[in-house]
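Asker: Letter by letter, the chains look like this.
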Amino acid sequence: MRNKYSVFSLIKNALSYHENWQRAWKDPVPKKEYDAIIIGGGGHGLATAYYLAKKHNMKNIAVVEKGWIGGGNTGRNTTIIRSNYLWDASAGLYDHALKIWEGLSQELNYNVMFSQRGVMNLAHNLQDVRDLKRRTHANRLNGIDAVYLSTEEVKKFCPIINTSPDIRYPVLGGTLQRRAGTARHDAVAWGYARGADAMGVDIIQNCEVKGIKRNGDSVEGIETTKGFIKTKKVGVVAAGHSSVIANMAGLRLPLESKPLQALVSEPVKPIIDTVVMSNAVHAYVSQSDKGELVIGAGTDDYVSYTQKGSHQIVEGTLNAILELYPIFSRMRMLRQWGGIVDICPDASPILSKTSIKGLYFNCGWGTGGFKATPGSGDLFAHTIANDEPHKLNAAFNLNRFVSGDLVDEHGAAAVAH
Amino acid sequence: MFLINCPYCGERDQQEFKAGGEAHIERPKQPTELSDDEWAEYLFMRKNIKGVQFERWNHTHGCRKWFNMVRDTSNDEIKAIYKMGEKPPSQ
Chain A
1 MRNKYSVFSL
11 IKNALSYHEN
21 WQRAWKDPVP
31 KKEYDAIIIG
41 GGGHGLATAY
51 YLAKKHNMKN
61 IAVVEKGWIG
71 GGNTGRNTTI
81 IRSNYLWDAS
91 AGLYDHALKI
101 WEGLSQELNY
111 NVMFSQRGVM
121 NLAHNLQDVR
131 DLKRRTHANR
141 LNGIDAVYLS
151 TEEVKKFCPI
161 INTSPDIRYP
171 VLGGTLQRRA
181 GTARHDAVAW
191 GYARGADAMG
201 VDIIQNCEVK
211 GIKRNGDSVE
221 GIETTKGFIK
231 TKKVGVVAAG
241 HSSVIANMAG
251 LRLPLESKPL
261 QALVSEPVKP
271 IIDTVVMSNA
281 VHAYVSQSDK
291 GELVIGAGTD
301 DYVSYTQKGS
311 HQIVEGTLNA
321 ILELYPIFSR
331 MRMLRQWGGI
341 VDICPDASPI
351 LSKTSIKGLY
361 FNCGWGTGGF
371 KATPGSGDLF
381 AHTIANDEPH
391 KLNAAFNLNR
401 FVSGDLVDEH
411 GAAAVAH
Chain B
1 MFLINCPYCG
11 ERDQQEFKAG
21 GEAHIERPKQ
31 PTELSDDEWA
41 EYLFMRKNIK
51 GVQFERWNHT
61 HGCRKWFNMV
71 RDTSNDEIKA
81 IYKMGEKPPS
91 Q
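The listed protein sequences derive, respectively, from chains A and B. If you count by our numbering, then the first sequence holds residues 1 to 417, one letter each, in order. If you count by our numbering, then the second sequence holds residues 1 to 91, one letter each, in order.
What the hints contain is simulated information worked out from the structure, not anything from laboratory work. Ideal placement from N, C-alpha and C gives every residue a C-beta, glycine not left out. Possibly wrong hints are sitting among the right ones.
To be verified - The calculated label-pair distances, taken between Cβ atoms and stated as ranges, are:
#, chain 1, residue 1, chain 2, residue 2, range
1, A, Leu141, B, Glu11, 49 to 57 Å
2, B, Lys87, A, Met199, 54 to 62 Å
3, A, Arg178, B, Glu22, 41 to 49 Å
4, A, Glu223, B, Glu22, 21 to 29 Å
5, A, Asp27, B, Gly85, 36 to 44 Å
6, B, Thr32, A, Asp387, 33 to 41 Å
7, A, Leu334, B, Met1, 35 to 43 Å
8, B, Tyr42, A, Lys31, 37 to 45 Å
9, A, Asn111, B, Glu22, 40 to 48 Å
10, B, Arg27, A, Asp35, 43 to 51 Å
11, A, Asn386, B, Thr32, 36 to 44 Å
Can you make the complete structure from the sequences, with help from the hints?
Answerer: Now the structure itself:
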């Protein structure tokens with residue numbers, strides 16, 4: 001039985017110097033067979049397992065993770081959550097996730113520190129202005145909150161932005177989604193892991209998948225560093241390594257894996273109480289609860305699995321940050337890191353069945369998957385349990401690259417991919 | 001970030017170059033006869049290898065010529081560079 005977290009449990013455990021907290025999840029030995037196995041213990045994979053157990057009553061399932069849970073891109077992103085996408089399919093997908101975020105801490109009994117501090121997107125040229133206005137209208141038609149702001153309104157909402165007309169890329173306006181914001185990335189993985197574990201899901205860490213066993217066109221199980229595990233359903237949620245797993249099953253995916261960088265500054269007092277993204281100059285910034293500025297940079301243009309990135313990418317982002325926020329000119333950066341993101345040609349994800357029965361892929365989230373974590377897990381669980389996509393992820397099938405019915409969010413997605 | 005030995009200009013910083021993706025994807029000889037599946041394979045499906053990969057690069061801020069590279073994507077080590085039209089080195 002899992003103890004509930006509450007103010008009373010906090011007081012009770014304080015009395016014993018916090019030394020007797022119950023383990024949040026077990027460390028099981030893999031069983032011989034499961035009804036379904038999720039490859040990848042990041043936020044999306046753990047959420048998938050959680051919803052499979054909760055909504056589809058599949059309790060004999062496992063999540064296998066090469067390293068430790070939440071140690072991949074879940075722990076490497078800039079935690080921005082928003083749903084202001086242009087196309088109907090994307091708006092449906094990302095707003096579904098945003099609605100789950102709004103009640104997630106209560107549902108999981110785990111504080112994911114979801115903070116609806118708003119996300120502002122800046123326009124720096126006439127085309128940006130037109131694009132952002134168009135996107136604002138599209139969002140509102142889809143029931144997603146969005147407002148267009150003038151330069152003065154941008155300045156009022158975030159006073160530290162330099163709105164002077166003589167900077168290299170002047171701020172001509174912006175959009176604001178007030179329901180958007182940030183969350184604590186680790187807590188999302190931990191909360192879903194704890195919730196899934198409580199329903200009987202086995203979370204198996206330090207277990208790398210080495211092969212996918214097929215019998216003709218069906219899945220029979222997976223080879224791992226902890227031995228062979230039998231299963232008829234495998235959901236792959238391996239982010240940057242999706243193609244590596246696909247190759248094991250003899251599939252090719254429309255993905256390229258590239259390093260995406262982020263960095264944080266030394267902690268300072270509260271200075272920016274929202275998230276500001278700027279597509280044209282590729283700079284986005286928010287402030288963590290610890291006081292660090294969290295800055296997102298861009299991807300390198302070559303395929304690499306190194307979890308590093310090129311210096312000039314960071315330099316370019318910081319140039320833009322300094323032009324827009326002169327107040328940061330003497331901040332020191334504390335850490336920089338890279339994550340491997342799997343990018344689709346149309347910059348939209350894949351949540352889909354494949355040509356192999358019982359093999360499902362949830363990948364292609366590219367540079368912006370964190371925001372979708374709860375929705376992605378919910379819809380992927382539906383797809384695996386029913387062997388059919390939910391109507392919200394039907395457009396994000398693998399077959400769209402054959403039919404040509406792409407969901408092209410390049411540029412339209414408010415931030416460059 | 002790494003150094004690339006352009007076959008025409010010599011060793012230069014990687015930021016002078018643009019990656020052009022997987023190499024040796026041949027343009028279909030008879031495009032009108034291709035099925036949708038074959039088009040998808042040609043246009044979108046990629047090996048995206050973790051390990052030794054063959055790829056195209058362009059020296060955009062230099063001689064602007066295209067060439068091929070063999071690179072280990074797990075550590076960014078360049079194994080070989082050869083001109084367009086030349087046979088890829090065997091692994």
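Asker: Taking the numbered hints from earlier one at a time, note which ones the structure violates and give those numbers from smallest to largest.
Answerer: The structure breaks hints 5 and 7; every other hint is satisfied.
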